Structures are given as structure tokens and as C-alpha cells.
Amino acid sequence: MLLFDVTHTSHSTANTGVQRVTRELFRALRAITPVRPVLWDPFACAWREPDRHETDLLETAPSRRPSLRRGARWSWRQRWRGHLDRIRGNPRAVRGNASAFLTTEIFSSTVWESYPHLWSRITGPRIAIFHDAIPLKLPYLTPRGTVRRFPAYLKQLRAFDGVAALSNASRKDLAGYWEWLGPEAGPPMTTIPPGLHLSADPSADSAEQAEPPRILCVGSIEGRKNQATLLRACDQLWKDGESFHLDFVGIANRETGGEAIQLLDALREQGQPVTWHGPVREAELLRLYQACRFTVYPSYYEGFGLPVWESLRHGKPCICGTGGALAETARGGGCLTVESISDPFVLARAVRQLLRDSERRAALAAEARMRRFPTWEESAQKLLQWIESRPTANRRGGSGS
Amino acid sequence: MTHRVQVYWDCTKARRSRHASGLQRVANNLRDALIANGAELTPVHWDGRQQRFVSTRGSDIDPAESHANGSGIFFTAELFSECERPGLQSWLAATPQRTVALFHDAIPLRMPEITWPQSVQRHPYYLEDLCGFQLVLAVSHQSASDLRAFWRWKGVSRPPPVQVVSCGSDFDGRPRVLASSEPDSDPPLWLCTAILEPRKNQSGLLDACELLWTEGHRFRLVLAGRVNPHYGKPILRRIRALQSRGFALEHLPAPTDQQLGPLYEQAHLCVFPSLAEGNGLPVLEALWRGVPVVASPIPAAREWSGGHGVEIVDPLTPNALAETLRTLLSDPDRYRTLRNQTAKAPLLSWNEAAQALLELCGISKRGSG
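Protein chains in written order, with the numbering used here: chain S, 1 to 401; chain X, 1 to 369.
These are computed hints drawn from the structure, not numbers from a lab.
Check the hints yourself; a few may be wrong.
The following residues of chain S were derived to be distant from chain X, with all beta-carbon distances above 10 Å [unchecked claim]:
no., residue
1, D173
2, R390
3, P391
Chain X stretches covered by chain S per the calculated footprint, using a threshold of three residues with CB under 8 Å from any CB of chain S [said to hold, decoys possible]:
no., region
4, 97–111
5, 119–130
6, 182–195
Every value quoted in this text rests on a predicted model; they were computed, and no experiment measured them.
Cβ atoms here follow ideal geometry from the backbone N, Cα and C, with glycine treated the same way.
All chains, full assembly: derive it from the sequences and hints.
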């Protein structure tokens with residue numbers, strides 16, 4: 001039995017990178033091995049299994065209208081029930097032992113401090129999925145609360161029995177940080193890239209015939225994702241007479257994405273053809289992918305960059321940078337990589353090239369269709385095999401390292 | 001012809017601070033020594049409204065405008081970030097002065113679990129903002145190495161040079177003690193000067209001392225330092241609990257340099273079991289006063305551990321600390337040898353440290369470089 005920490009995701013309606021990985025891996029792992037979702041209830045002060053509402057949020061969020069909020073939310077009913085549980089001696093608390101533990105979340109300090117309660121029941125390895133070290137690499141492009149949490153989080157990951165990074169770049173970043181921290185050896189690491197849904201159908205679109213052409217940019221509106229440079233580049237192209245419609249999909253992070261949001265509003269007021277759809281359901285995202293000729297993912301730095309693969313899976317070329325794992329994600333065809341992604345003139349040149357050069361676009365689309373991406377089921381299978389191969393050696397205690 | 005070097009001294013936080021933290025002591029000592037070395041020092045502070053440094057004395061001096069020939073130095077020993085001082089990076093890029101920052105340590109990143117959360121949050125920004133300076137002076141080789149390695153990990157493409165400026169050891173104007181007789185305080189006094197907080201590891205010291213007191217050893221322990229308002233209270237409670245059991249233990253909150261001087265005169269030993277330090281000023285100050293030191297392997301202690309009056313111990317093992325202290329209590333010859341060794345430590349005064357700083361900045365004494 002694998003205990004799967006869903007503390008944050010079972011209380012979040014957002015479906016950005018961390019939540020996507022949590023929901024998809026949970027679903028895929030459950031299909032191949034006994035998995036028990038668990039969460040830390042701060043009101044009951046106990047680890048327990050999710051209730052009906054929490055399970056619902058864990059399983060059905062992608063098909064719902066996503067929330068504009070990124071954080072976890074506990075209803076008054078859940079809080080009240082937690083307090084009551086505590087008074088009654090926590091009848092819903094996790095009981096019995098499990099053979100392994102997995103967290104895919106960036107656990108909070110509260111959850112970390114509660115791990116010893118749960119880990120005492122784990123007879124096998126305790127595994128963490130690692131996304132990226134961006135908050136320390138690029139603090140000015142990260143919300144301050146996340147920056148504050150990260151030094152401890154990266155250090156606490158050393159207490160696990162194994163860490164699976166989503167990319168080789170992320171793995172190298174974490175190993176490098178641990179090396180910087182000191183001589184204490186970290187646990188074994190591996191790379192397990194995320195998977196993709198098979199729902200995409202590259203043959204079922206007519207974007208090449210639609211006028212004006214549409215360009216899609218998927219990702220949270222935030223400083224690191226660098227939508228501001230894309231907007232400046234497109235503004236220049238519109239002024240130069242290029243005709244295209246720009247679509248943005250993603251939740252807003254107003255702390256670091258303020259510049260992009262202001263630019264977006266200003267361009268809309270000027271009547272430029274740009275639409276920000278906010279966070280959308282899976283079905284709507286599929287429609288937008290089908291409607292676009294290509295996508296742009298102008299992020300400075302990524303732990304993986306799943307929207308790049310999603311774009312290629314839909315047969316759409318992607319213009320992207322090379323920071324962090326992006327070079328690795330783009331490798332294999334279908335992408336037009338831009339080294340100087342912070343330069344609007346360079347980015348505008350790349351966008352213009354794909355707008356005008358249908359042969360280049362078609363060649364990249366052909367490359368994209370040739371690529372073979374793992375499914376979430378394959379990623380889960382690979383992860384499970386790695387978990388099962390881990391010795392239970394790293395028993396350095398639950399907290400305070 | 002030479003002229004006095006102009007130093008614009010950042011005192012944005014210092015002018016409001018009431019505490020003499022290690023950072024503050026280093027900064028104050030350097031400042032006074034630079035003045036003694038002939039530097040013309042102008043205190044400046046960050047004006048958030050104007051987004052520039054202004055003279056703290058009220059005169060209309062702007063380091064970005066005056067001394068346009070760039071012969072002056074803008075110097076900061078403070079912790080800062082662009083978040084706290086919006087516009088700082090632009091100002092640093094525009095000022096004609098040589099911009100120099102003193103780097104203390106990366107402890108908030110290395111030990112976030114025992115660091116004030118605001119400091120943990122500031123540090124990633126601070127380490128990035130240091131790249132905007134033309135020169136960074138680290139207080140120890142360890143600190144310099146930490147900073148360079150962190151920048152490498154971050155992928156900083158053109159980091160500024162990082163040089164090491166050794167700290168001075170004199171702190172109250174008194175000359176170095178080179179041949180000290182053993183103090184006559186009875187029972188022997190052991191001194192630990194540090195803010196009461198988990199990083200300084202007074203808990204480990206108290207564990208070791210409790211063991212020794214319980215065994216019947218006679219000594220008096222003085223913990224000199226203010227209490228960290230966030231993390232220090234459990235240590236204070238432990239001190240009170242041990243005091244209530246009759247053990248010879250005192251806490252001297254926030255001692256001044258004038259109070260510390262007589263304590264060093266009476267001290268047989270300084271104990272500094274800190275878990276992490278950028279350098280470790282109390283080690284240097286104790287050696288300056290001829291007092292031997294038992295310390296964890298922090299940079300200052302490692303530097304002087306080879307026959308210079310410092311015994312290194314594992315700070316995480318109270319039994320090991322107790323064993324070293326027990327030996328020094330019960331073996332007068334070994335203690336005497338250690339005490340005599342303090343005279344051999346090649347310590348710098350702050351005056352010499354300031355001269356070294358000016359040279360590292362490319363400025364010789366009383367002249368521009």
C-alpha cells in the first residue's frame with residue numbers, strides 16, 4: 001500500500017503544474033497499485049483519508065471551472081469537523097502500516113512537522129517528487145512566500161529515501177544545491193518526466209485555414225513565465241502590420257505577473273486582438289490548442305515546461321526559451337528555441353517567422369507529430385518501479401534536519 | 001598629491017538599531033577604524049521616496065552625484081534587498097563611486113530551520129543583489145567560498161570579485177594581552193558571549209555544563225547576550241531552571257563592550273559552541289584578551305585551532321564538549337598550555353583590518369588608488 005500525500009491538492013481548485021502532477025500521478029498510480037490518499041488535517045491535528053469533497057476535488061478538478069485562487073481552502077464545515085475529530089480522538093485518522101510514501105507537493109512547514117506522525121507507519125521508502133529550484137534561482141520572479149519556504153524545503157528533501165525530479169535539469173539543480181549545503185549525502189535521485197493525456201487529436205483541427213491565425217500561450221500569468229516580453233513582441237508585430245490573434249490561458253499571479261497583466265489590459269484597450277481566457281476547463285484548452293497555428297512559451301526558466309509537450313502533442317509547433325529544463329523538453333523536434341527570450345525583438349522575429357513561413361511551420365508540426373511522449377500511466381509505472389527498488393535506508397527522522 | 005578617501009557609509013538600518021549584533025559590531029569597528037585611518041566618512045541612508053542614498057547628517061550630499069570622478073567608495077555592511085529598497089540596483093548601476101559590500105554569511109539559507117523567517121526570505125534576494133556591487137568583501141574564507149559557490153549554482157554569469165577581509169579582534173580600545181596570568185576568580189569563570197538562540201547552541205553548552213555540575217565540578221558559567229525574541233525564550237527558561245537548582249550560572253543580557261572587558265579579565269575560558277558562523281568574532285575577541293577558547297569548527301576557530309589557544313569540539317555532542325571542558329578543568333598543565341598559546345595567534349586589530357579593506361578597494365592609506 002502506497003500512501004500518497006494530497007494535503008494541498010485536495011483543497012485546491014487550481015490545476016497548475018504541481019496540482020496537475022499530483023492529480024494525474026494519483027489517478028495513474030491507483031490504476032496499477034494499491035494507493036491510499038492521505039492528508040494532514042491541521043484542525044484535527046492528524047493524518048487522515050480525504051472525505052467525499054476532498055476526493056472530488058482531487059479527481060474531478062480538471063473538468064471543473066478552475067478557480068482563480070491558487071491556494072488551499074478549508075470550508076467552515078471541514079474546519080469544524082476537524083476540531084470535532086480531535087475532541088473525539090480522531091476516528092478518521094490513518095491507521096495501520098503502509099509499504100511506501102509519496103509526496104508530489106511542495107509541502108508546507110506544517111505538513112513537514114507532521115510527517116513523523118505518518119512516517120512512523122511507513123515500512124518502506126519515502127519518496128518525493130521534485131519540481132524545480134526556481135524560487136532560489138530566480139527569487140525576484142517568485143512570490144515572496146514561496147521564496148521564504150524554499151531554503152527549508154530543499155533541505156528537508158534530503159530526509160527522504162529517494163527524490164524523483166521531473167527533469168534532468170531539475171535533478172542537477174537539486175543535487176547542486178545539496179552539494180552547496182554541505183557534505184551530508186542526499187538520497188538517491190532519478191528523473192521521471194511527467195506524462196501527457198492521449199485526448200489530443202492532431203488531425204482534428206483546421207487552424208491552418210482560419211484567419212486571422214491564432215497564437216496560443218498557456219501558463220500562469222507571472223513574472224517568470226515572461227508573458228510581458230511576448231506582449232511587447234506582439235505589439236511590435238501588430239504595429240508592423242502583422243495580423244494574428246493572441247490567446248492567453250492561465251491563472252494570474254498578481255504579485256509577480258502585474259507587469260504582464262497591465263500590458264495585456266493596455267493592449268486590449270487599444271483594440272489589439274488579444275484575449276486572456278483565465279484558467280479554463282480541459283475541454284476548452286483542447287479547443288484552443290486546436291484553433292491555434294502555433295504556441296509560444298516565453299518562460300525564462302522551467303523545472304519541466306509541460307505546456308511545451310502539450311503543444312507538440314496537439315501537433316502545434318512551440319516557440320520557447322532554453323532556461324532550466326526547457327532545452328531538454330524542447331529537444332526532439334517541434335520547437336523553435338530562442339536563446340534570448342527576454343528580448344522582445346528576438347521573440348518578435350521568431351513569431352514573425354512562424355507566422356509567415358508556412359513550410360517551416362509545417363516542418364515543425366511534422367516533427368512534433370513524430371515525437372513520442374510518455375503517458376501518465378507510463379510515468380506512473382516508471383515511478384512505481386523506482387519506488388519498489390528503493391532500499392529503506394534513509395531514516396534520519398522526520399523534521400528539524 | 002593625495003587626498004582623503006571619501007567613504008559613503010550605509011547606515012540605513014544601523015541608525016535605528018538598538019542592538020549590538022555581530023554584524024553591527026563588525027560594521028561599527030570597521031567604521032571607526034576607517035575614520036582613524038584618515039577616511040572621510042559620510043553616513044548615508046536609503047531614501048525610499050527618492051530611491052537613492054542621502055546623507056544622514058542632513059547635508060545635501062548624494063553619493064551618486066558628488067565625487068563624480070569616482071574616487072570615493074560606497075560601502076555597506078548591512079543586509080538588504082531590492083524588495084526592501086526598491087530602486088537600489090538602478091542606483092548601484094548609476095553611481096560613479098566604487099560600490100563595495102561586506103558579506104557576512106549564507107546561514108539563513110544553510111540553516112533556515114533556526115533562522116528568523118524574515119531573514120530566510122530576504123537572503124535569496126540579498127545574495128542576488130550582491131551581484132550589483134563592484135566588489136564584495138567576505139568576513140572569512142568560508143563565507144567567500146560559500147558565496148562564490150552559490151553564485152555558480154545560480155548560474156550568475158559575471159559575478160563581482162569576492163575578496164576576504166579579516167576581522168579585527170580588539171573591541172574596547174584595550175591593547176592585546178600577550179602574557180596573561182591566570183585569573184584568580186574562584187570558581188573558574190567560563191564565558192559564552194552570543195545572542196541566546198538555537199544557532200549559538202547554548203543548549204548544547206548547558207547540557208555539557210549540567211553534566212559537569214552534576215559530577216561535582218566547580219565552575220561559574222556566564223552567558224552574555226540578548227535573547228532572540230523569536231527563538232531564545234526556551235533557552236532562557238532552561239537557564240532559569242538550572243539556576244533554580246543552584247548551579248553557578250548567570251545570564252547577562254545585552255552586555256556593552258565596557259561590561260565585557262572585565263568579564264574577559266576574569267574569564268578562564270570562553271566557550272563558543274555555535275552551529276554556524278560567518279566568522280566568529282567572540283573567538284577573536286577572547287584570544288585578543290588572552291583567554292583560551294573551546295569552540296565548534298566555525299571559521300574563526302578553525303583558523304586558530306593549530307596551537308593558537310583554541311580547542312575544537314563537535315557542537316552536536318554535549319558529551320564531547322563536556323569531556324573537553326572536564327579535561328581543561330582537571331588538567332592545569334593542558335589549560336596553561338592552551339592559555340599561553342593565545343599569544344601566538346596572529347590576530348589583526350581593526351585598524352589593520354581597515355587598512356587591508358582600503359587596499360582591497362584599491363586605495364592606499366590617505367590616498368586614492
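Results for each hint:
| no. | hint | in the structure |
| --- | --- | --- |
| 1 | D173 | violated (8 Å) |
| 2 | R390 | holds (25 Å) |
| 3 | P391 | holds (26 Å) |
| 4 | 97–111 | holds (count 3) |
| 5 | 119–130 | holds (count 6) |
| 6 | 182–195 | violated (count 0) |
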